[in-house]
Amino acid sequence: DIQMTQSPSSLSASVGDRVTITCRASQSISSFLNWYQQRPGKAPKLLIYAASNLQSGVPSRFSGSGSGTDFTLTISSLQPEDFATYYCQQSYSIRTFGQGTRLETK
Amino acid sequence: EVRLLESGGGLVQPGGSLRLSCAASGFTFSSYAMSWVRQAPGKGLEWVSAISGSGDATYYADSVKGRFTISRDNSKNTLYLQMNSLRADDTAVYYCAKDQIVEVVAGGDFDYWGQGTLVTVSS
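Same order as they appear, the protein sequences are chains A and B.
In case it helps, my numbering puts the first sequence at residues 1303 to 1408.
In case it helps, my numbering puts the second sequence at residues -14 to 108.
Some hints here could point you the wrong way.
Partial selection, computed: residues in chain A whose CB lies under 7 Å from chain B [claimed, not checked]:
no., residue
1, A1345
2, F1364
3, G1368
4, S1369
5, F1385
With a straight-line cut-off of 27 Å between C-alpha atoms, the simulated DSS-like cross-links for lysine-lysine are [claimed, not checked]:
no., chain 1, residue 1, chain 2, residue 2
6, B, K61, A, K1408
7, A, K1344, B, K28
8, A, K1347, B, K61
9, B, K28, A, K1347
Treat the hints as calculated values from the structure; they're not laboratory data.
Even for Gly, the Cβ is constructed at its ideal location relative to N, Cα and C.
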């Protein structure tokens, strides 16, 4: 099974900050990596698919990069609504999620 | 508008059974694979099971293999999860999620999610 490891597990930042979250796969997954945002009490929302493609309706301050085993999600300028938990998910072999990164206000 | 509506959650004793349903609308149901994803209280997301658009292929996480069965009725636009031999660590909110492809192969992603249904396993 493919394991997904996110870092950091939690992150404190301020509105306007640039934030980067990392996701590492236990083996190469090409570009089959997706990112989701989950706000408390809500279902997850797809942000980025296939490593770097912005889902329709998602603000352009979100971007993704990487291939193989190492991937990043970047938020260029944090907005108040971005404080949430972020998950990576591989779709190379069935489906697996990372453990999540909680983005909190500093 | 795509809509996914889960139902069937509730309180069940350890060793018991429960059947979850997910009613889908707003898209051609049989054209997309579907999954169940769960989230234990205060924990992260865990993929549980997936099924191809036709229903011919099914997949399970090791944690539920042999206990849970995923199925779908494309004539009713409904996804199911039969959960047997339930344990306390199965307690979670269960989400159904729509994949963007018909088979559970490389390249999918979950573009729509339901609101979730809570399953509590406790005596």
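Now for the hints, and whether the structure bears them out:
| no. | hint | in the structure |
| --- | --- | --- |
| 1 | A1345 | holds (4 Å) |
| 2 | F1364 | violated (15 Å) |
| 3 | G1368 | violated (15 Å) |
| 4 | S1369 | violated (13 Å) |
| 5 | F1385 | violated (17 Å) |
| 6 | B:K61 to A:K1408 | violated (48 Å) |
| 7 | A:K1344 to B:K28 | holds (14 Å) |
| 8 | A:K1347 to B:K61 | holds (26 Å) |
| 9 | B:K28 to A:K1347 | holds (17 Å) |
The structure fails hints 2, 3, 4, 5, 6 (numbered hints given earlier, in ascending order).
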